[in-house]
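Chemist: Sequence:
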Amino acid sequence: MKKIVFFLIITSLSFAQIDRVEPPFWWSDMEHTDVQILFYGKNIAQNEVSVSHGITIKNIQKTENPNYIFVTIDTKNVPNQDFLFTFKNKNKSFTQPYSLKPRKEGSKYRKSFDSSDMIYLLMPDRFANGNVNNDNVASVIEKVDRSKIDGRYGGDIEGIIKNLDYIQDLGATTLWSTPLCEDNDEKGSYHTYGQSDLYKIDPRFGTNDDYLKLSTELHNRKMKLVLDYVTNHWSYNHWMMKDMPTYDWFHQFPGYKQTNFKTTTHTDTNASESDKNLATSGWFVKSMPDLNQKNPLVLNYLIQNAIWWIEYADIDGFRVDTYPYTDKESIALWTKAITNEYPNFNIVAEAWLYNHAQIAYWQKNSKIAAIQSYNSYCPSIMDFMLQGLFEKGFLKEEKQEWNAGIIKLYDHFVNDFLIENTNNLLIFAENHDTQRFNHIYPNVQDYQIAMSLLATIRGIPQLYYGSEIGMAGSKDVGDGDIRREFPGGWPDHKQNAFTKDGRTTLQEKYHAITKKLFNWRKNKTVIHTGKTTHYIPENNVYVYFRYDNINPNDNKTQNQTVMVVINNSTEKQTIKTSRFQENTKNYTSGKDVVTEKTFVLKNDIEIEGKSALILELK
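Residue numbering for the sequence shown follows numbering that gives the first Met the number 0, starting at 0 and increasing by one per position.
No lab work stands behind these hints, which were simulated from the structure alone. The reader is advised that the hints may include incorrect statements.
[As the list claims (entries may be wrong)] Derived lysine-lysine pairs resembling BS3-like cross-links, with alpha carbons at most 30 angstroms apart: (1) 515 x 493; (2) 221 x 100; (3) 89 x 41; (4) 584 x 571.
Taking the hints into account, I'd like the entire structure generated from these sequences.
Modeler: In structure tokens, the structure reads:
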């Protein structure tokens, strides 16, 4: 008799197994009230499903895989509470608890990042190792190997938290970390863009609770947290790849076919349908299967996961990887769903394109996109045109010609009329995917010019970790070389560049420039939202003004005006101030932000070669 009872218990437990519930919980009082819950377990679709507490099941969807069932419940006007799902097959049944949690006060209207912010971008594996005990974890494949350029080095969330004072002191107001969710690839997993579990922080970075701690620590400093979200692809080792919910959850040809990387096919009226399809349906690489957002189950999964992280970790904004590589109608629905839930939420799209119209196309309410009756609903885009100018070396062109030297920068801003909201452009000289700025320009003078530009032009400036101490690295060597360890981030480092005493004289020059400019910028609304007037460069010198009044010629006493002079020539230049009367007529002097030297505006201004002046006019 005992043996029979034991057998029944084992059978019941086997039958009742649920391996995954996603999202693991939800919240009351949300805009997204039709919550589609994925239940995963052996033959779970064979069951009838009911739910307690009078909650309505609006839909039950089964697929060709019996190990999945998608249950949509209506949470509108349902208070926060715990309840039970019951799964029944003939005379056998089991339950699964679920929760609606109370929503944080003010969550819906959270303030996101904007042009008043400076974003510090870091790659956690390469920034700082705060906890050596999580370097190697049994549940994930790849272990620490700092001898390999693309190996895991051991940086983690605790390392970021320990150095938040450094980041804040630098002038940063917002932190953007590359993805932190689990990436269980056999190699190259350190960058975490091939995620294998979208509800779990990679254990080599820490835990979900550690991520919550990071968010809290930032908010205690009145700083913001940007999550790097990937809508286009997952890891080949994602748990769903081993047992797909549907055949078309991922794009299959059948099997693998690489993208042609030509996302310009979205707008190309002459493009073939096969080229269009391959651009968005082809895989990035063999280790990153391409998600099919046209499948409603996939799209809703991504929408709910994104909202879940915002609510769970109190996220302040998204950067979205490979934005145009997805089906454009689907990514618009994804973006609109998130901004409907959080009306002030900013999302910046990685649209890696080198054409103003092509970039403008992907911003919300773009007049360019309207030509094709399209709206991405994405508030912000990355200014890759500007980054491309830095990478192509315009600062090395010391002689101005028709299309050489700093005239290229002027010509860039000439095209701002194509951009719907220039203040919501992410501006940067480099990031984790590009050539290091300090590799292209290995001197502090060019760095000061670049930072002076990023601190004063329209948009949201982003700084890549290590740039502020002159860190270099060549993409030609490999991506790992542009993602080096920050000196001082590991116990065996002999130098600690996180401290002033630990920085070399040269590193301190880089750091001091960065700190000065971006701490000055924090409270300058004239830079955040002011207008721009620029003048055609002469002798490789570019002059522009930022001002906060509607008309630069009116005489309002509260006007603020900043005059920026960029000398890209190696020779000292004399600037005839009389040329700029329309912007200077109401002022007598200007004080340089960096040197604090005062210039009298009725006199000509001398500027040293390869230098910048940022003058607050008085």
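Chemist: Just pull the numbers of the violated hints for me, sorted ascending.
Modeler: Result: no hint breaks.
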